[in-house]
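Chains as they are written, first to last, in numbering that gives the first Met the number 0: chain A, 0 to 350; chain B, 0 to 350; chain C, 0 to 350; chain D, 0 to 350.
Think of the hints as simulated: they come from the structure by calculation, not from any bench. Where is the CB? At the ideal position from N, CA and C, for every residue including glycine. Careful: at least some of the hints might be erroneous.
[To be verified] To spell it out: a stretch of chain A is covered by chain D in this simulated footprint if at least three of its residues, at any positions, have a beta carbon under 8 Å from a beta carbon of chain D; those stretches are:
#, stretch
1, 207-214
2, 233-242
3, 278-291
There are 4 protein chains.
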Amino acid sequence: MSAKAKIGVLGASGYTGAELVRLLLRHPHVDIGLLTADRRAGKPMAEVFPQFAPFDLPTLQALDAVDWPALALDLVFCALPHGTTQEVISDLLKRAPAMKIVDLSADFRIADPAAYARWYGHPHGAVELQKKAVYGLTEIYRDKIKGAQLVANPGCYTTCAELALIPLLRGKAIDPDAIVIDAKSGMTGAGRAPREEMLFSEVSEGFHAYGVGNHRHMAELDQEFSLAAGRDVIASFTPHLVPMNRGIFSTIYVRGPKAAPEDLHAVLAKAYAGEPFVYVLPFGKLPQSRHVRGSNMTFMGVTADRASGRAIIVSTLDNLTKGASGQAVQNMNLMLGFPETAGLEQVAMFP
Amino acid sequence: MSAKAKIGVLGASGYTGAELVRLLLRHPHVDIGLLTADRRAGKPMAEVFPQFAPFDLPTLQALDAVDWPALALDLVFCALPHGTTQEVISDLLKRAPAMKIVDLSADFRIADPAAYARWYGHPHGAVELQKKAVYGLTEIYRDKIKGAQLVANPGCYTTCAELALIPLLRGKAIDPDAIVIDAKSGMTGAGRAPREEMLFSEVSEGFHAYGVGNHRHMAELDQEFSLAAGRDVIASFTPHLVPMNRGIFSTIYVRGPKAAPEDLHAVLAKAYAGEPFVYVLPFGKLPQSRHVRGSNMTFMGVTADRASGRAIIVSTLDNLTKGASGQAVQNMNLMLGFPETAGLEQVAMFP
Amino acid sequence: MSAKAKIGVLGASGYTGAELVRLLLRHPHVDIGLLTADRRAGKPMAEVFPQFAPFDLPTLQALDAVDWPALALDLVFCALPHGTTQEVISDLLKRAPAMKIVDLSADFRIADPAAYARWYGHPHGAVELQKKAVYGLTEIYRDKIKGAQLVANPGCYTTCAELALIPLLRGKAIDPDAIVIDAKSGMTGAGRAPREEMLFSEVSEGFHAYGVGNHRHMAELDQEFSLAAGRDVIASFTPHLVPMNRGIFSTIYVRGPKAAPEDLHAVLAKAYAGEPFVYVLPFGKLPQSRHVRGSNMTFMGVTADRASGRAIIVSTLDNLTKGASGQAVQNMNLMLGFPETAGLEQVAMFP
Amino acid sequence: MSAKAKIGVLGASGYTGAELVRLLLRHPHVDIGLLTADRRAGKPMAEVFPQFAPFDLPTLQALDAVDWPALALDLVFCALPHGTTQEVISDLLKRAPAMKIVDLSADFRIADPAAYARWYGHPHGAVELQKKAVYGLTEIYRDKIKGAQLVANPGCYTTCAELALIPLLRGKAIDPDAIVIDAKSGMTGAGRAPREEMLFSEVSEGFHAYGVGNHRHMAELDQEFSLAAGRDVIASFTPHLVPMNRGIFSTIYVRGPKAAPEDLHAVLAKAYAGEPFVYVLPFGKLPQSRHVRGSNMTFMGVTADRASGRAIIVSTLDNLTKGASGQAVQNMNLMLGFPETAGLEQVAMFP
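Based on the provided sequences and hints, a complete structural model is requested.
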């Protein structure tokens, strides 16, 4: 009991906050010591998410009212809106300089301040801190994450596409100039702040694309794909919304300059052999998003396109788990020296 | 490790089978030693439910081909279709006389053979065995279940309504002649065998009642309500289908002959104080089905109707978990001497 | 062309506004001369509802900016929020004293100012005007509607329940003290103004009750049921939300003091013989909400409950059509002397 | 009345059959004279599709029992399963040689018997008849359709993609070797015959691809794209299933060898100027499937990809209307000399 780490969740009233609490409540090595939610400060967590009513959880409090030294947290998850997070974390580290942080916002994902400014429309507010941040795509940057104080947890779309494409780009197995990522997301990816286009009646019984040509996750894709390929890569990327709650499903069209589709499959199968949270299906089989729901798994499959020289890759994960809070816990496990799978053993829930 | 109990699931290719496997895979005290599915015999479980691909599970086999002595199972869950189960279990107990069994079908729920014959249209095929069966509504029959060899796991609708009404009927707190149960179920309650009326396009974007006036769960309700009241009780009960996967939601209209709505709430709050899987909301608050999804919890609430002397009770649970496989594991825990909550600690998954 | 009536829609950016436009665009005897939407003034209707892009429609304008005399409208539909409408209509009638109005808000539905004040928490702001308003339940008040200047279109829940129960109460066929209406609604009934509890992820994959014990539609039910019975009637009424867009589905539990369930069916079948928009199924059959979707139909069915002396009635309609805009057009047809079914012949769309 | 054409629907118990009846019931120039459904022969249409209960429709009959000379139909829609239709139509034309036919199956869509045999796995059974069949993509083959006796109505995926791409390929505006069509369909496209993978619980709350690399609609795409381009074209085409009822949504990735994205838009805008059922959005705007639901419209949009030289085109339609039964009625209108839009003026139903 006394050996458990003490953890905080900043922004506990959103969906990624709730998912963190779901996972942390059953984590064998942590206790939840702090939950913040500015607009709901003073309320019990069960008022915001009634599924937690049977559990004993800290009352929601305002971020400004936190007594950091008294709490003596080991790590906080920062699930606050993009843009505001830079300031919050800078300030937090002044008050609690040894605090470890996993940030689920986009604020520390882009290493290059110029690229950040271009995509987000304003200069980065914590450039020095940015230099220390480690990009938290666990399977790719595991060693760096172990020693990091600040981990920038990747986006849901980007985790899904990058896990599939980074090994192929590193291995020069595909043409970097002919990548098409047609991505589909469940609605929880849009968060819990009410807007007309997120109402049930605007979303159900239909399908649409959004952010075409300028979705901010492109900045992450460009950064990681270019790093992996050793040259500039700009992929076509179109996000869509599916009338479902959870899931990212990416249909990825690639051309192997020399590599056959079977070779691409072999690259991925080798890259992820032994990984607990990435499962590569047998060649020719493609996964469904529902079969990873609620788990921290990424399922991916490779098949040949009938047009010669082309292959189709499908990668899928739960946007709230491996695409956000699950990967955040996975990173916490590395940062605090726990087994990487601790608290993440939930089996996918289908149906 | 060696101390783990060895468990079988008969009928693993249906939804309750999959839910049993989801729960048992993470149960600390059991190993899965057998999975049967006649029509899919010889296939890996991952072909039937791809979410299990990352796990090491027994290959599906035909029931007839099972070598019971060699397997030496401690307990089997029987998730086979209603009607066929009587014969299967009779036969099984001849081959493995000490086997413990939790039956998820309706075959052993009705204690009175005449009532069984009336509701099911044919005489019961194992009347002697029926006498030994214990009705597995855990919170009500916990002590009997501990010593049972054969537990008849209750239906999903009935668990939901009985947990709410049995304490009130036992306490003479409501009029037994004025009970209306308007029940709504998610689609997994209808099983996985394809029928036209279960297709996505027949179910989504609409709502309907079914089995009005003659749903077989009424036999269970009559039996348990009459037992609780000490006299014959026939409640109005109408099941409906909701375009969702999981959840039973019962809106129950009662009249308290003398008791005020607050008194009804007090009866339920007292009955379930300390129960790990029943949570009674504060008076005047009503639960939502989504907040118990994937968990073994029942949430219930009581509020006053504006018509004087009437109260409205809402009871909700996940039909695959507390309504079927979760309660089955809860019963197994009692039968095998494990902590009652073992393997059932999943927090509800919302959203 | 010149003989067509000129129609306005106040509040065209909400769902009932869109449904009015859908119907009016194909109405043979009207032209749409005005669409207002204060917050979207100056925008084309296609920006608010892209399905109308191929049609030639008036630009949205602010209500204050309308030049009533110049427009010379024959009738306006008022689809504005409850509470604000009294003032708007009082003011409108000062500027255009001969204007006919169908009001889709709740503002003029309650004849008794004291009842209005009790349910809505403030005194009625146009008591004189209220006296002239006719309650627009078409099949029941057809003759009065023909001569009305101001019609108060009923609520969706109330239309559904009242069409089923008024003939039975008028005929003394049921016990007025034992009515239970368990009502379920699709999400469009909640309107288009964004609130957290209407987000896709809050609504899908679950079921819940709301407004239990104090939903404002109860005021209408009390008024109309009491009128029909010739004495005070207070029915139990519980509204629920279904994860679907369109549809009201009411499961109604009644006791016939003397009448058998078959007699109740006969009363309804007789009451609605020849009605174009009410279809009574054969005795023992119950309708589904999806089979009236997009049409102006109400389907209703009566069956016996197994408890003797009780019957179950199901009534269902599309909340945006017969439950709001369709019935509004039906009333307009009467007020302007058109055939009652003009513009309302859409066949239900299933699947 | 006497001037109305008399129409039959073969296969009226499926979804395209129901959609034909929905449209034909309100068509000003036709009467429905025959509805067949072999397995439901003798039943009223209302038993198969209860939404039609208020209408007077012919009883379903078996195809073999039809007395063709006595009925004297002007045209039949053939909505029978693929494969069986060749024989049915050959036989039908022997009995009623002047009958006009719109076939909604795939049996007569592929002009080249060798291509048919390759894709469908068996030789075409009516090669002579195939030569007379006209491919019913109305906007592209309008003149031929007017004089045809047998029209092969295109598939839903193919109508959606071909309307977008044929003008661009004809105009040499895009590279024929770099077309990627990522297509998504609602569930009604899978028909009404029950299979496990179409159950609500298998489809909702998830997303998946199917038929990757060998979907039969590819045969149509190859035929029409190659015709339009004047050379062989093999596009990448991946169909997916969306948890919704109606809608095809195609995200199409193209490269213009010289043409800028704005030029592609101009080609489409020009091609469809004046077309009643194709609406091209302003450049840079993309449509949503829900905004064409229930209508015969195709909405399409073009936007620039951020990778230079690439454009993204979205084309969307209702798979049951413009993707099947609506286009079939559109073709009937041409074949029988009615206004092309007769009976097809339904405004899309959103929400």
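Here is how each hint holds up against the structure:
1. Coverage of the stretch 207-214 of chain A by chain D holds [criterion: at least 3 residues with CB-CB distance below 8 Å; count 5].
2. Coverage of a stretch by a chain is defined here by at least three residues with a beta carbon nearer than 8 Å to that chain's beta carbons; for the stretch 233-242 of chain A and chain D the count is 7, and the condition holds.
3. Counting residues of the stretch 278-291 of chain A whose CB falls under 8 Å from any CB of chain D gives 6; the rule of at least 3 is met.
Of the numbered hints given earlier, the model fails none.
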